Amino acid sequence: MTRTTAWRRHPLARYAVLVLALALIGVAYATLVQGSRPADAALASGKLDDVAQGKSLFQAHCSSCHGLSAEGTSTGPTLVGVGAAAVDFQVSSGRMPAANPGAQAPRKPTPRWVNEETTRQLAAYVQSLGGGPTIPSKDQVDPAMGNAAKGGELFRANCIQCHNWGGAGGALTRGKYAPSLNESSPQQIYEAMVTGPQAMPVFNDTTITPQEKRDMIAYITEVRSQRDPGGFGLGRIGPVTEGLVAWVVGISFMALVAIWITAKKRKKS
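Per UniProt numbering, the sequence shown starts with residue 1, numbered consecutively.
Simulated from the structure, these hints should not be mistaken for laboratory data. The structure presented is a predicted model; accordingly, all values stated were derived computationally and were not measured. Take the hints with a grain of salt, since some may be wrong.
Said to hold, decoys possible - FRET-style restraints, in silico, Cβ to Cβ:
hint, residue 1, residue 2, range
1, Ala99, Ile259, 18 to 24 Å
2, Gly243, Val202, 46 to 52 Å
3, Ser252, Gln211, 47 to 53 Å
4, Lys138, Leu22, 41 to 47 Å
5, Arg112, Pro77, 39 to 45 Å
6, Arg224, Thr75, 34 to 40 Å
7, Asp142, Asn100, 45 to 51 Å
8, Thr75, Asp142, 22 to 28 Å
9, Glu183, Leu24, 40 to 46 Å
Stated by the list, open to error - Simulated pairs of lysine-lysine, DSS-like, Cα-Cα distance not exceeding 30 Å:
hint, residue 1, residue 2
10, Lys176, Lys150
11, Lys176, Lys108
12, Lys108, Lys138
13, Lys150, Lys138
C-beta atoms are modelled at their ideal positions from N, C-alpha and C, and glycine is treated no differently.
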């Protein structure tokens, strides 16, 4: 009996062959997936060279906070797995690149190098690093395809606590705040729901379906065009500004009336 024949008849031989086969399959699968990720992300964004261009933009404008490979640093979190939707929301709204890291990244005018093409390229690169929520299609964010009445119910149940009934925003704890939604595009509203920026929770499709998201977008955009039948809206912030105006205007009016009455009595005497 040869050595090879003896090895084949060994009780552990079949297990060794099985382990070797599984290892080869795993290596082959990992190689194929790793090679297809950039291409898939680029195809989703519309151009094959978006990932390469996005990587150059990332290293030039984002790596100082997020690391050369988006692994994160002490001043910026890792972007692996956040998805293209998060990048599109943060960059298109001017929140990123951040001028000064802090508790809240405010909305601001975008830098000169930021446009629709460069934002798409950055998003494609980050998407290639580990998946995550993708940029929604136009149909997904079209307010005309939503029901504003149903969206109002959903908004009041899930968002009014932070963003106010009219989307005017409000203060949170530790220097954070819920921003106003008046300047947000339908796409940015959808992306915020699926990515949960900063203090906002993530509303995935299991929690709020895509149709319900469209309903909420329809409500938010419709509220902007509504008039305030009672007079000045006062920013639609609520009883805080209303009470402040009532107090300041009311007390000032009463003080002026008291001064006028006193001056009138002095003239008579």
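Hint-by-hint comparison with the structure:
Range check, Ala99 to Ile259: Cβ separation about 48 Å, and the 18 to 24 Å hint is violated. Judged by the Cβ atoms, the range 46 to 52 Å given for Gly243 and Val202 is violated: they are separated by roughly 34 Å. Under the hint 47 to 53 Å, the C-beta atoms of Ser252 and Gln211, about 50 Å apart, fit the expected range. Between Lys138 and Leu22 the Cβ separation comes to about 44 Å, which falls inside the hinted range of 41 to 47 Å.
Checked against the hint of 39 to 45 Å, the C-beta distance between Arg112 and Pro77 comes to roughly 26 Å, which is inconsistent with it. Checked against the hint of 34 to 40 Å, the pair Arg224 and Thr75 passes, with Cβ atoms roughly 35 Å apart. The beta-carbon spacing between Asp142 and Asn100, approximately 36 Å, falls outside the hinted interval of 45 to 51 Å. In this structure, Thr75 and Asp142 break the distance hint of 22 to 28 Å, their C-beta atoms being roughly 37 Å apart.
Judged by the Cβ atoms, the range 40 to 46 Å given for Glu183 and Leu24 is violated: they are separated by roughly 54 Å. Among the hinted pairs, Lys176 with Lys150 is consistent with the structure: their alpha-carbon atoms are about 29 Å apart, no more than 30 Å. Under the criterion of a C-alpha separation no larger than 30 Å, the hint pairing Lys176 with Lys108 is consistent with the structure, at around 16 Å. For the given pair, Lys108 sits about 24 Å from Lys138 by alpha-carbon distance, which is consistent with the 30 Å threshold.
Pair hint Lys150 plus Lys138 holds up; C-alpha atoms about 20 Å apart against a cutoff of 30 Å.
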